[in-house]
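Novice: Single-letter residue listing:
There are 2 protein chains.
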Amino acid sequence: MLNVLTPTEVIDVINKHFTKTTFQYEKIFTVNSVGRILHTDIISNEDVPGFDRSTVDGYAVRASDTFGSSESIPAVMTVTHEILMGKIITTSLNKETDENPANITIDENNNPCVAISTGGAVPEGFDAVVMVEHTESYSDNMIGISKPVAPGNNIIFKGDDVSKGDLVLKAGAELTVHDVGVLAALGFEYINVRKKPRIGIISTGDELVNITDTPSDGEVRDVNGCMLAAAAKKYGGIEVSYGIVRDDEESLINVLKNCIKNLDCDIILISGGSSAGDKDKTAKVIESLGELLFHGIAIKPGKPTILGIVNEKPVFGLPGHPVAAYMVFELFVREVISCYLGTTIKRKTTIAKLNEAISANHGREEIVPVKLVNGVAIPIKGKSGLISKLIDINGYIIIPRNCEGLSKGTEVELVYV
Amino acid sequence: MLNVLTPTEVIDVINKHFTKTTFQYEKIFTVNSVGRILHTDIISNEDVPGFDRSTVDGYAVRASDTFGSSESIPAVMTVTHEILMGKIITTSLNKETDENPANITIDENNNPCVAISTGGAVPEGFDAVVMVEHTESYSDNMIGISKPVAPGNNIIFKGDDVSKGDLVLKAGAELTVHDVGVLAALGFEYINVRKKPRIGIISTGDELVNITDTPSDGEVRDVNGCMLAAAAKKYGGIEVSYGIVRDDEESLINVLKNCIKNLDCDIILISGGSSAGDKDKTAKVIESLGELLFHGIAIKPGKPTILGIVNEKPVFGLPGHPVAAYMVFELFVREVISCYLGTTIKRKTTIAKLNEAISANHGREEIVPVKLVNGVAIPIKGKSGLISKLIDINGYIIIPRNCEGLSKGTEVELVYV
Chain C
1 MLNVLTPTEV
11 IDVINKHFTK
21 TTFQYEKIFT
31 VNSVGRILHT
41 DIISNEDVPG
51 FDRSTVDGYA
61 VRASDTFGSS
71 ESIPAVMTVT
81 HEILMGKIIT
91 TSLNKETDEN
101 PANITIDENN
111 NPCVAISTGG
121 AVPEGFDAVV
131 MVEHTESYSD
141 NMIGISKPVA
151 PGNNIIFKGD
161 DVSKGDLVLK
171 AGAELTVHDV
181 GVLAALGFEY
191 INVRKKPRIG
201 IISTGDELVN
211 ITDTPSDGEV
221 RDVNGCMLAA
231 AAKKYGGIEV
241 SYGIVRDDEE
251 SLINVLKNCI
261 KNLDCDIILI
271 SGGSSAGDKD
281 KTAKVIESLG
291 ELLFHGIAIK
301 PGKPTILGIV
311 NEKPVFGLPG
321 HPVAAYMVFE
331 LFVREVISCY
341 LGTTIKRKTT
351 IAKLNEAISA
361 NHGREEIVPV
371 KLVNGVAIPI
381 KGKSGLISKL
391 IDINGYIIIP
401 RNCEGLSKGT
411 EVELVYV
Chain R
1 MLNVLTPTEV
11 IDVINKHFTK
21 TTFQYEKIFT
31 VNSVGRILHT
41 DIISNEDVPG
51 FDRSTVDGYA
61 VRASDTFGSS
71 ESIPAVMTVT
81 HEILMGKIIT
91 TSLNKETDEN
101 PANITIDENN
111 NPCVAISTGG
121 AVPEGFDAVV
131 MVEHTESYSD
141 NMIGISKPVA
151 PGNNIIFKGD
161 DVSKGDLVLK
171 AGAELTVHDV
181 GVLAALGFEY
191 INVRKKPRIG
201 IISTGDELVN
211 ITDTPSDGEV
221 RDVNGCMLAA
231 AAKKYGGIEV
241 SYGIVRDDEE
251 SLINVLKNCI
261 KNLDCDIILI
271 SGGSSAGDKD
281 KTAKVIESLG
291 ELLFHGIAIK
301 PGKPTILGIV
311 NEKPVFGLPG
321 HPVAAYMVFE
331 LFVREVISCY
341 LGTTIKRKTT
351 IAKLNEAISA
361 NHGREEIVPV
371 KLVNGVAIPI
381 KGKSGLISKL
391 IDINGYIIIP
401 RNCEGLSKGT
411 EVELVYV
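Protein sequence lines correspond, in order, to chains C and R.
My numbering applies: residue 1 is where the first sequence begins, and numbers increase by one.
My numbering applies: residue 1 is where the second sequence begins, and numbers increase by one.
Derived from the structure by calculation, the hints contain no laboratory data.
Wrong hints could be hidden among the right ones.
Identical chains blur together in the list; that is why a pair holds if it fits in one copy or across any two.
Claimed, not checked - Cross-link-like lysine to aspartate or glutamate pairs, in silico, EDC-like; alpha carbons within 20 Å at most: (1) Lys381 / Glu411; (2) Lys346 / Glu413; (3) Lys371 / Glu287; (4) Lys233 / Glu174; (5) Lys371 / Glu174; (6) Lys303 / Glu133; (7) Lys147 / Glu136; (8) Lys147 / Glu133.
Small disclaimer: the values here were computed from a predicted structure and weren't measured.
Put together the whole structure using the sequences plus the hints.
Specialist: And the structure:
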């Protein structure tokens with residue numbers, strides 16, 4: 001009989017056995033990549049922007065021409081050109097350029113400036129942009145500038161944003177909507193992302209019936225099969241639902257072999273077997289095909305959780321109680337999925353005030369599902385095993401194993417689900 | 001020219017014009033419903049559990065038979081039966097039952113009890129379950145109970161969890177993994193959810209090239225087209241990407257008509273047109289086909305945002321700057337999507353300490369994107385329009401319009417993205 005592990009020990013065991021160094025990947029459209037895990041570092045192939053860009057609507061100037069200007073004594077400038085969006089003008093201030101007939105020669109003695117829009121390309125020879133709000137239009141293409149600008153003002157220079165060769169996104173990052181924006185800016189229409197793990201979901205228990213069936217007295221519907229499939233999908237996996245397996249060792253061995261070999265599952269979740277004898281059945285089955293890593297977690301709910309390794313694949317035995325199975329998925333199955341994907345879980349947390357005292361638990365870390373209302377955490381109570389406890393969960397709080405209870409009003413860290 | 005609205009006024013305008021009372025819906029598998037919006041109230045058709053269930057492994061007893069028991073003087077009981085998972089036994093304590101030959105008569109004078117597993121059906125006539133940990137096995141099917149139980153202990157009674165007729169989930173709820181568990185428990189294999197809105201995405205700007213193209217000087221890739229499509233998908237819509245439309249009124253009118261009539265878009269996002277003249281082009285196009293609701297939001301970034309209504313469909317003009325477009329999507333486009341779906345956005349927030357002072361802004365509410373590291377909010381700075389600002393965003397904080405700046409260490413509310 002293996003020892004019961006603490007939650008921290010469980011995470012260590014998971015990292016030790018299931019951390020991967022090589023990954024399967026697939027190429028997908030960047031637009032479809034939100035929530036997926038980046039397979040390779042993204043290094044910029046180019047400077048962004050690729051040219052000096054104005055950040056405002058106004059006039060590109062030589063900053064020195066605006067020095068000393070004010071509302072009462074504006075600097076008078078000649079608007080020689082207008083930069084159209086998506087176009088450039090190649091200027092040479094008072095230099096003849098026979099080589100390139102597209103070049104434009106601007107008389108630098110006239111305090112020249114060019115009209116430019118936000119995002120427009122600032123021509124060579126100009127080093128700042130004056131906002132249109134600080135100018136006044138005169139006749140004959142003349143303007144007055146009422147506020148001096150310093151060199152560089154209102155310009156993003158070539159490569160200011162991202163330089164060629166910059167590491168922009170790291171392999172293993174979970175991609176966000178704004179990452180998609182960055183990838184689009186750098187021209188990545190497709191990217192390589194880690195393949196989703198196939199998560200086999202097996203429910204055991206002679207009391208279980210399909211969710212489409214009406215249970216007789218003594219029977220209950222297979223809640224976990226459906227809920228764990230939804231969780232597998234939400235947290236980056238592909239659910240391979242095996243349905244209900246009768247509660248005998250031979251059936252379970254065959255199904256587990258099938259899951260691993262024929263269905264190519266990467267992670268297997270066996271839930272249920274909540275009757276006294278069945279608790280050990282999953283453990284026995286794992287031991288007969290592979291190795292059991294631990295048998296029980298010092299946590300409430302979730303104590304009967306087991307984890308083993310068969311053909312190098314993680315095989316969980318999850319509690320039959322839906323609330324317990326759900327919490328174990330949140331805390332531990334997600335860690336295994338993250339190992340498979342080579343990423344780290346970024347849990348969103350907040351600080352909330354407990355709306356009532358929570359009494360001490362005894363030697364086991366306790367996971368308390370809570371409802372969050374205006375910054376107040378309301379523990380969801382009720383007898384163990386109640387389905388209705390699932391309804392209002394916004395997150396959970398963790399009570400350390402040696403805590404002697406928390407008083408009303410205590411500030412606790414809530415982990416969103 | 002319409003007034004610039006405050007963010008609160010914008011939300012009011014959105015709710016006034018786009019709140020729906022009837023919704024389109026579709027039937028989907030419950031297992032696929034996470035993140036979807038429930039179309040109809042879910043009312044339980046049955047009691048859960050459907051029978052009195054044990055919450056522990058142990059022995060079903062009459063509580064009164066255990067009164068007075070202790071470690072030193074255990075109550076001695078006879079184990080008359082074992083309840084198998086998924087099965088029931090119908091007992092009659094000392095009552096002859098000729099009507100039902102399956103009934104079992106138990107001699108009540110023997111302190112009878114029945115072995116039961118977690119989840120097992122407690123037979124009639126028994127009113128508590130003693131945990132196996134508080135018992136000791138003797139020979140001849142006798143056990144000793146070392147701790148008394150009160151009636152109801154360790155039993156969930158029929159209907160305790162959910163009663164027939166209970167409102168379990170409300171129409172408009174965004175479904176979670178644990179809601180799927182509840183729906184499975186109640187036998188809902190399929191459910192009706194609101195149809196996703198079709199979100200038309202149009203990019204305008206003569207400087208734009210497709211993300212597959214290499215921009216020449218003066219040109220930039222269409223970041224918003226890709227990023228807004230990813231956002232539309234993430235937040236419950238179906239993206240209908242129109243690509244880049246040249247910056248003239250007639251093209252834009254034709255595309256907008258096409259989006260609404262032929263492509264059946266429910267919400268249209270036109271982004272870009274960041275050059276001075278183009279800012280009004282989207283507004284003119286909306287006015288020529290429908291009604292403009294506002295022209296500008298007193299917010300930074302995002303000021304040039306406009307919203308109109310064409311054929312009863314919301315049409316946004318979003319800023320061309322990706323960071324601004326992203327923030328406006330988070331704050332306002334999501335509100336329109338929520339109106340379409342008949343749900344409310346549940347933003348996850350936390351309290352974080354500012355790691356540096358933020359200077360006052362001037363009459364506009366300011367949205368500051370931040371990175372969150374160990375409870376500290378680090379404002380993401382840099383010139384307006386930088387793509388690389390998008391990389392590290394974990395959330396944003398809102399600086400009220402009349403705030404005179406925030407000092408380092410101030411506790412701020414961070415909204416996760």
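Novice: Each hint needs a verdict: does it hold in this structure or not?
Specialist: Hint check results:
Within a single copy, lysine 381 and glutamate 411 get their C-alpha atoms as close as 19 Å, which meets the 20 Å cut-off; across copies the closest is 31 Å, which misses it. Taking CA atoms no more than 20 Å apart as the test, lysine 346 paired with glutamate 413 passes in both settings, with 15 Å inside one copy and 19 Å between copies. Neither within a single protomer nor between protomers do lysine 371 and glutamate 287 lie at most 20 Å apart by alpha-carbon distance, with minima of 39 Å and 45 Å respectively. Proximity of lysine 233 and glutamate 174 under a CA criterion of 20 Å is satisfied in both settings, with 15 Å inside one chain copy and 16 Å between copies.
Taking the shortest Cα distances, lysine 371 and glutamate 174 sit within 20 Å of each other only across copies (15 Å), while inside one copy they are farther apart (27 Å). When the C-alpha separation of lysine 303 and glutamate 133 is checked against a cutoff of 20 Å, the pair qualifies only between copies, where the shortest distance is 15 Å, while the shortest distance within a copy is 67 Å. For a Cα distance limit of 20 Å, the shortest separation of lysine 147 from glutamate 136 inside one copy, 11 Å, qualifies, whereas the shortest one across copies, 92 Å, does not. In this assembly of identical chains, lysine 147 and glutamate 133 lie within 20 Å of each other by CA distance solely inside one copy; the values are 10 Å within and 84 Å between copies.
Violated hints amount to a single one, hint 3; each of the other numbered hints is respected by the structure.
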